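2 protein chains.
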Amino acid sequence: MAVQDSMDVLNGKWKISILSSICYYNKRRFSDILTDVEGISNKMLSKELKELETNKLIIRTVLNTQPITVQYELTEHGLTLKTLIKNLTDWGIAHRKKITEQQ
Amino acid sequence: MAVQDSMDVLNGKWKISILSSICYYNKRRFSDILTDVEGISNKMLSKELKELETNKLIIRTVLNTQPITVQYELTEHGLTLKTLIKNLTDWGIAHRKKITEQQ
Chain D
1 MAVQDSMDVL NGKWKISILS SICYYNKRRF SDILTDVEGI SNKMLSKELK
51 ELETNKLIIR TVLNTQPITV QYELTEHGLT LKTLIKNLTD WGIAHRKKIT
101 EQQ
Chain Z
1 MAVQDSMDVL NGKWKISILS SICYYNKRRF SDILTDVEGI SNKMLSKELK
51 ELETNKLIIR TVLNTQPITV QYELTEHGLT LKTLIKNLTD WGIAHRKKIT
101 EQQ
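Line by line, the protein sequences give chains D and Z.
Counted from 1, the first sequence has number 14 at position 14 by full-length UniProt numbering; the numbering is strictly sequential.
Counted from 1, the second sequence has number 10 at position 10 by full-length UniProt numbering; the numbering is strictly sequential.
Take the hints with a grain of salt, since some may be wrong.
Simulated crosslink set (DSS-like; lysine-lysine; CA at most 30 Å straight-line) [to be verified]: (1) Lys27(D) - Lys98(Z); (2) Lys86(Z) - Lys86(D); (3) Lys50(D) - Lys86(Z); (4) Lys86(Z) - Lys97(D); (5) Lys98(D) - Lys43(Z); (6) Lys47(D) - Lys13(Z).
Everything labelled a hint here was simulated from the structure, so no lab data went into it.
Being a predicted model, the structure only gives us computed values, none of them experimental.
With the hints as constraints, model all of the structure from the sequences given.
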């Protein structure tokens with residue numbers, strides 16, 4: 001099932017939130033993503049970013065600042081996720097409304 | 001993050017594949033979903049279906065057959081997932097092509 005391929009890439013608690021953060025700001029530093037994505041640890045963020053890199057969704061740039069900063073941006077392939085993330089966000093809002101309405 | 005609400009509902013290895021199976025056939029029996037979704041166990045499918053029911057995405061109907069059969073279909077709210085599942089499927093196909101191209 002091809003839908004499973006998408007979910008394998010986007011699965012887990014953090015990936016979509018990380019991609020949304022990078023997607024929203026176009027370029028985003030590691031430290032900024034750490035604050036954007038509530039509750040994620042430094043170690044977990046490094047692991048998730050590495051997986052997203054392996055899947056060709058983001059690219060990593062080391063900036064020659066003092067101290068050194070590492071920046072991430074979506075690849076062309078990663079950008080194709082933009083609409084999907086928008087749809088997921090919209091659906092999330094509608095779903096939350098639906099569920100809270102009926103409680 | 002609203003996008004996290006969507007992922008919380010759709011997360012895990014099986015949910016999207018189960019929803020795709022029900023979505024594709026409109027109405028689907030438990031035994032059919034079991035064969036549609038490769039590798040899922042009877043126990044896991046029951047658990048996932050219960051969660052989808054709690055999230056108001058599917059409804060369960062017991063058919064008065066011999067032996068009794070249980071059938072599932074998407075609720076109106078669940079149907080709003082149709083486009084999202086289609087987008088996820090399309091993206092999955094494009095992603096697989098991208099990754100296999102570069103190996």
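Cross-check of the supplied hints:
1. Lys27(D) - Lys98(Z): holds (22 Å)
2. Lys86(Z) - Lys86(D): holds (14 Å)
3. Lys50(D) - Lys86(Z): holds (27 Å)
4. Lys86(Z) - Lys97(D): Distance ~23 Å between Lys86(Z) and Lys97(D) Cα, so the pair holds.
5. Lys98(D) - Lys43(Z): holds (28 Å)
6. Lys47(D) - Lys13(Z): holds (19 Å)
Consistency with the previously given hints is maintained throughout, with no hint failing.
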